[in-house]
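Starting from the known structure of chain E, arrange chain U on it as the hints suggest.
Listed here are the chains, written in short residue letters.
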Amino acid sequence: MTAMATKKPMKIHNGKRLNGKQVVGQTILTFFVLAFTVFCFAPVLLTFISAFTDEMTINQNGFSFWPEKWSMSGMNSVLKYGNKLFTSYGVTIFVTVFGTLFGLFVMSMYAYSISRRDFRLSKFLSIFLLIPMLFNGGQLSGYMIFTKYYGLKNNLLALILPLCMTTMNVIILRTYIANSIPNELMEAAKIDGAGDYRTFFQITLPLMKPSLAAVGFMLATTYWNDWQNALLYISKDNLKPLQLLLVNIQKNISFLLNNTNVPASVRAAMGGAIPQYSATMATVLVVIGPIMVVYPFFQKYFIKGLTVGSVKG
Amino acid sequence: MALPGFLILFFIMYVPMAGLVMAFKKFDYALGIFASPWNGLDNFQFLIQSWKTFITMTKNTIFYYVLFTAVGTLLNVTLAIAIDQMRLKRGAKVMQTLMIIPVFISYAAVQFIVYAFLAKDTGLINNAFGLNISFYSKAAYWPWILLIVKIWKDTGYGSVLYMSVLAGIDTTLYEAADIDGANKWQQIRHITIPSLIPMVTVMLLLSVGNVMRSDTGLFYQVTRNNGILYSTTQVIDSYVLGQIFKSSNFGFPAATSFFQSIVGLLLMLFANWMVRKIEPENALF
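Chains as they are written, first to last, in this note's numbering: chain E, 760 to 1072; chain U, 29 to 313.
In isolation and in its complexed conformation, chain E is listed as follows (with noise of 0.2 angstroms):
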């Protein structure tokens, strides 16, 4: 009885019908939230448009929403890079698509590992997976450590490594599985005589999916973006991956820029890459293209699969 009592008012709650004031109050709300949505949304799509704006344009009247003239030419001038551009796509997809998978997998294991109460070492194991959040040797010493040690320069392994298992990540994962896989499924299993191995395999991996599916496109993107450790690390041109490209682009801009006396023989080496408006545009565009399309996909598991409970075990 009391159940249907409280039903009903829901059913007010959630009608179509809304009283005068409500609508005042939610034209105001969604005008708020649009004018954000703008705000993000416009310098995406000056990216778009500037990309396929006449040169001359860009020069003359600046960057603009409605360009006067439109034209292919800065689309052509990033197919001009030809080889360099695959090599390049080549790098940063292996880069993303392997490192998403040795992360995900590496990170699944060791958040099975932690949720795992009877385990004698879960405990240790947290505590050991906190402290590099609390402490860490910063930039110099792993550059250091990475080129001098490891001898990781010029080698991708440089990219992907550093970036495969967050603290943050590996929580969200404990998380998923201590929230919303039913521990009595793993016992379940274990009764039944399966092992950690194939619980973890055939039980608790298919049921993580959510939150694998966020966690690893969030992982993905990392990859895809990172243009840190590439700076860092990687020199060799055919080992360059994407973002390092979009960086050298600036610093040519800037060497043009500062250096007033740079000589026409040196203007005129740089060849293809004396950066236009428009190309540059154009290769950004290529550059973050993939990420957004692929990410509406991606989008329905980010609420269900992102969630962060207690840090502690």
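Derived from the structure by calculation, the hints contain no laboratory data.
The reader is advised that the hints may include incorrect statements.
Pairs of lysine-lysine residues, derived as DSSO-like cross-links and limited to a Cα-Cα distance of at most 30 angstroms, are as follows [what the hints assert, rightly or not]:
hint	chain 1	residue 1	chain 2	residue 2
1	U	K178	U	K117
2	U	K148	E	K1010
3	E	K882	U	K305
4	U	K178	E	K1010
5	E	K1063	U	K178
6	U	K212	U	K87
7	E	K780	U	K80
8	U	K274	U	K80
9	E	K1059	U	K117
Chain U alone, transformed into the frame defined by chain E:
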């Protein structure tokens, strides 16, 4: 099963911690960190010699941390509640999709977009308002610019985490409040916000350890690592990154890094201790 993760943590996170001893060494790349000779506190003397640089970047680091965390948290929570309250569910979904997009754009790309807005001759802002401001040579503008870029990039995604909490609130609480005649504002104040507090605390705590660390891309890429702007834009991380490429003498950067790590640790322990005193439930450890 935890072994691969254990090894990665050990070699990627723990070994560089030991590398911090570099701050007390006369570092020679040929010898490496551990074989270089000790030189006591000499590196920290550099720190006093370059006191002004050091103070500026420390001040900036902390200033931006406080600014971004305060404004960021406030906006994330506000946006999450706003989207949650919208009746137009499908519209809210589409808008949310659009506003998350910036988080996926790397700073290496963002800087070109920012440039399109701020460039002196071709920039959108100067053209649209008939101005002629050279943003890239005046440091005073940059705290605002960086704040706006940060809000633009992270707020949409930042709100997702809070939305997952909102989705988990027991709806019967709202129903009961409705019956008792509570209006929307009262419901938000007494149900929604209190249920977000634990998550806010956890997120703040997690971020405290990073007070001395910054979103390097924002400060290094978006400002184009422009020396003229250093007084308001240089933070410890962008400084150290720059020094790795420029410097042959790592004494000062090493001392700065050491300082950065230790202060980060102390602040984290302090913050956790505070939370534990007030609300032990929400403490991290």
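Hint compliance check: list the failing hint numbers for this structure, sorted ascending. 6, 7
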